[in-house]
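> Okay, here's what each chain looks like letter by letter:
2 protein chains.
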Amino acid sequence: MNILINNGIILPMNASNEEQPYFKGYVGIEGERIAFVSSDPEKAKAFYLSHDNCLRMDASDKIVMPGLINTHTHVAMALLRGISDDVPLMEWLEQHIWPIEGKMGYQEVYDGARLGILEMLMGGTTTFVDMYPYEEAVAEAAESAGIRALVSPCPMDFRMEHFENDWRQVQKRFSDSRLVKMWMGPHAIYTLSGEHLQRSISLSKELGVGSHVHLAETQTEQNNCMAQHGMSPTEYLEKEGLFSTKTLAAHCVVMSDHDIEILARNGVSVAHNPQSNMKLASGIAPIKKMLDAGVNVSIGTDGASSNNDLDMWEEMRTASLLQKVSTLDPCAIPAYTALKMATVNGAKAIGREGELGVLAEGAFADILLVDIEKPHLYPHTNLISELVYSTHASDVDTVIVNGRIVVKERNCLSMNAQEVCATAQKHIDTLMSK
Amino acid sequence: MNILINNGIILPMNASNEEQPYFKGYVGIEGERIAFVSSDPEKAKAFYLSHDNCLRMDASDKIVMPGLINTHTHVAMALLRGISDDVPLMEWLEQHIWPIEGKMGYQEVYDGARLGILEMLMGGTTTFVDMYPYEEAVAEAAESAGIRALVSPCPMDFRMEHFENDWRQVQKRFSDSRLVKMWMGPHAIYTLSGEHLQRSISLSKELGVGSHVHLAETQTEQNNCMAQHGMSPTEYLEKEGLFSTKTLAAHCVVMSDHDIEILARNGVSVAHNPQSNMKLASGIAPIKKMLDAGVNVSIGTDGASSNNDLDMWEEMRTASLLQKVSTLDPCAIPAYTALKMATVNGAKAIGREGELGVLAEGAFADILLVDIEKPHLYPHTNLISELVYSTHASDVDTVIVNGRIVVKERNCLSMNAQEVCATAQKHIDTLMSK
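Taken in sequence, the protein lines are chains A and B. Under our numbering, the first residue of the first sequence is numbered 892, with each subsequent residue one higher. Under our numbering, the first residue of the second sequence is numbered 892, with each subsequent residue one higher.
Calculated directly from the structure, the hints in this document are not laboratory data. Treat the hints with care, as some may be off.
[Stated by the list, open to error] To list a few chain B residues with every Cβ distance to chain A over 10 Å, as calculated:
id, residue
1, L946
2, G993
3, Y997
4, E1034
5, E1055
6, K1130
7, A1184
8, S1281
[As the list claims (entries may be wrong)] FRET-style restraints, in silico, Cβ to Cβ:
id, chain 1, residue 1, chain 2, residue 2, range
9, B, Y997, A, K915, 32 to 38 Å
10, A, V978, B, S1147, 29 to 35 Å
11, B, S930, A, K915, 54 to 60 Å
12, B, A1155, A, H1149, 52 to 58 Å
13, B, K915, A, L946, 29 to 35 Å
14, B, S930, A, L1098, 44 to 50 Å
[To be verified] A short, non-exhaustive set of chain A residues, derived as facing chain B with CB atoms under 8 Å:
id, residue
15, P990
16, G1174
17, I1175
18, L1212
19, H1267
20, T1272
In this text, a Cβ means the ideal position worked out from N, Cα and C, and glycines have one as well.
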């Protein structure tokens, strides 16, 4: 299908660090890609007339912008939202999360992922990066819901066999997918022996895919790594050669200047998860320092059980506010930088620079229409500030992924919301009564 | 009018620190007060049958809870949302905020307040505490919109005359109001000479009203006070006798243990403004310490130009998450405590304990219906966690203030939203082009 987005406020975004202007204009979509972005009504008219079967979508009073890219989540954990909060990390994992996760199979992961994907689509996330057992189920849920996913089956010491099976299944079913891609997901240094880490690295190289890893999330991880290897987790992973694969590292909370220099030198991208790091009391990642050092920093929500939502707007806002207060610098992470982290930098983090995270000719048509006719967004003086500091997920009116309209006027067209919610409820009730 | 709220999930809240259970039940409203709260359908039926002109409001799948109390804002600053962000504090004030504020008169404050009030009502705030020039305009806006307001005309050195005029005007027009009450608003130690502070204190005592003050917001305030008076702002205000009036102190970021002890000993309540403190890079208020010391801590949004919204749900969430990460304790400010800060503690802060912030027989009927049939709120396992960690302002379905339905199914009945937004836009366009 072809779509003409008509008369919107276009915020194209691009790789430059300079704030790009928004303007009244038009976006043409041809199949799965953007055909043009322009302020010229004649160009829009010509596009409309020259394309059969072209839907004209009115975008007056709406911001037209790239879809948001959530670079670190465990989407199926939406199923576990609220089952445990406000307790110490190990109690949270050992007494609440792991026992329930141990009972989750393919179907629970699939339906949990559907719930998380529904929430993400309704809030304007068009791509997510995932790591969890049964990534085949996550890939299946993403494909059927029409959201873009980078799934990373995760090697962990106690489930290497399961991991390889998961990998083969996803590869078999989704190698031709337009939406699902695969990376390796070496879980973390504390769940993966040197031998298994090497296996993950060599598989990444053999298959030509990147690595998605948890890194330096807590002081405990840092302390244990120092005790075991005499170096920081970042130093250890560099020594082991992980960064010779394209790497996306989630969290990066406990980081020395040397660690940051290592990330910058190796072109490692970071997925910053401020709300999860706050809720689990892990600490505050030195994001401003990383950006200043030239590290590509993107934004993730982490799983919904440590957040407790998958809302990239709040995450952008928190990323900005938390750096300001932790560096005592009100200029840290200005609004445009936060917006770039959630779009352009996210695309770069997963090797899709120029293809995703921007509105540009030739890029994939992952596009949001944000309704700014809301009291909490008035008056309109600076739309970038508005998007980052005041916009809510519920202000997203329409969502297009890969040229397909998946949310229209706040209704999800690709999923039955009521059924997705009810199914999730049934699963968690059963899991908790077992 | 009488209202029977039927078949909801009732979250009554009360002054206890123990988490109170929610239950399926009913709330009866007689005029402006709550007549009963019960799980007994027979009681509901009897209430309905014994009251003429009784509206039955279906609350299935909705949480029925007390309205939120925003204990520190400058509501008319909604007009200035987004005009300046991401700049140092003094540049923000001197080059952006003050020049525009200097051009604002009664009408601009009135229409700015209407915009902020609209946003607050739509998001479930039923009471706010304000401080600004032209509090008469704020009071008028609150009264006509049907929201409860505690306005505090503010003595400042350069406008004592204006303050006294403002005070008399509000008193004259709103002394019989069911919604508007008045306090003294001694602005801050750095805008008020000792003499004028004394005048504010004696007026408070003479009129039998409390004091709403900015306190210890920044390190600069602390340093200057140490240089000038050889003591902290809190020590200085205690010495000057302010705390002999019922006091609500906003911010309280830079606080020693001794300062906290002073607040506790004098029964001073705190309005915590986490997002504003983050955005302006003021610092992190030691809220957990204050609560542990027995200080009554409530929550405020501050003005929309340093936040940039008036969303108490985000503020609750941020209050909890920010304490967890700053104390490195995931148990700090659990969900129920945050909820209590935004309701019960808010009521106590303004001397309305038991009357506001709770659902209880005899309390004023300030009530929210929160729609939990949303993907981001599924599955339902712990509704307290859901309210604090996942609920958005846009999940508020219905709002009752003083027994009057002001928001119904996400429509504001007491204001014309479109007109309020358009008027605000016109003002800011004019102010910025002057």
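> If a hint holds in the structure, say so; if it does not, say that too.
For each hint, the structure was consulted:
1. Under the 10 Å C-beta cut-off, the non-interface status given to L946(B) relative to chain A holds; the minimum distance is some 26 Å.
2. At the 10 Å boundary, the C-beta of G993(B) stays outside the reach of chain A, the nearest C-beta of that chain being 17 Å off.
3. In this structure Y997(B) is separated from chain A by more than 10 Å, as the shortest Cβ-Cβ distance comes to about 18 Å.
4. E1034(B), annotated as away from the interface, keeps every beta carbon of chain A farther than 10 Å; the closest lies near 19 Å.
5. Chain A leaves E1055(B) outside its interface by the beta-carbon criterion, the shortest separation being 32 Å against a cut-off of 10 Å.
6. Against chain A, the non-interface label of K1130(B) holds: every CB pair exceeds 10 Å, the least being about 29 Å.
7. Separation of A1184(B) from chain A is adequate, the least Cβ-Cβ distance of about 20 Å exceeding the 10 Å criterion.
8. The beta carbon of S1281(B) is not kept farther than 10 Å from every beta carbon of chain A, the shortest such distance being approximately 5 Å.
9. Under the hint 32 to 38 Å, the C-beta atoms of Y997(B) and K915(A), about 35 Å apart, fit the expected range.
10. The given range of 29 to 35 Å is respected by V978(A) and S1147(B), whose C-beta atoms sit roughly 30 Å from each other.
11. In this structure the hint that S930(B) and K915(A) lie 54 to 60 Å apart at CB holds, the actual value being about 55 Å.
12. A hinted range of 52 to 58 Å is violated for the C-beta pair A1155(B) and H1149(A), which are about 44 Å apart.
13. Remark: the range hint 29 to 35 Å for K915(B) to L946(A) is contradicted by a beta-carbon distance near 46 Å.
14. Look at S930(B) against L1098(A): about 59 Å separates their beta carbons, and that is not inside 44 to 50 Å.
15. Among the interface hints, the one on P990(A) is violated; its C-beta lies about 14 Å from the nearest C-beta in chain B, farther than the 8 Å criterion.
16. Residue-level restraint check for G1174(A) holds (minimum Cβ-Cβ distance to chain B is 7 Å; threshold 8 Å).
17. With 8 Å as the threshold, the beta carbon of I1175(A) comes within range of chain B, its nearest partner Cβ sitting at about 6 Å, so the hint holds.
18. Satisfaction of the interface hint for L1212(A) is found here, the shortest Cβ-Cβ separation to chain B being roughly 4 Å, below the 8 Å cut-off.
19. Annotation: H1267(A) was flagged as interfacial toward chain B, and the flag holds, the nearest CB pair being 5 Å apart, inside 8 Å.
20. Because the beta carbon of T1272(A) sits about 5 Å from the nearest beta carbon in chain B, less than 8 Å, this interface hint is met.
The structure fails hints 8, 12, 13, 14, 15 (numbered hints given earlier, in ascending order).
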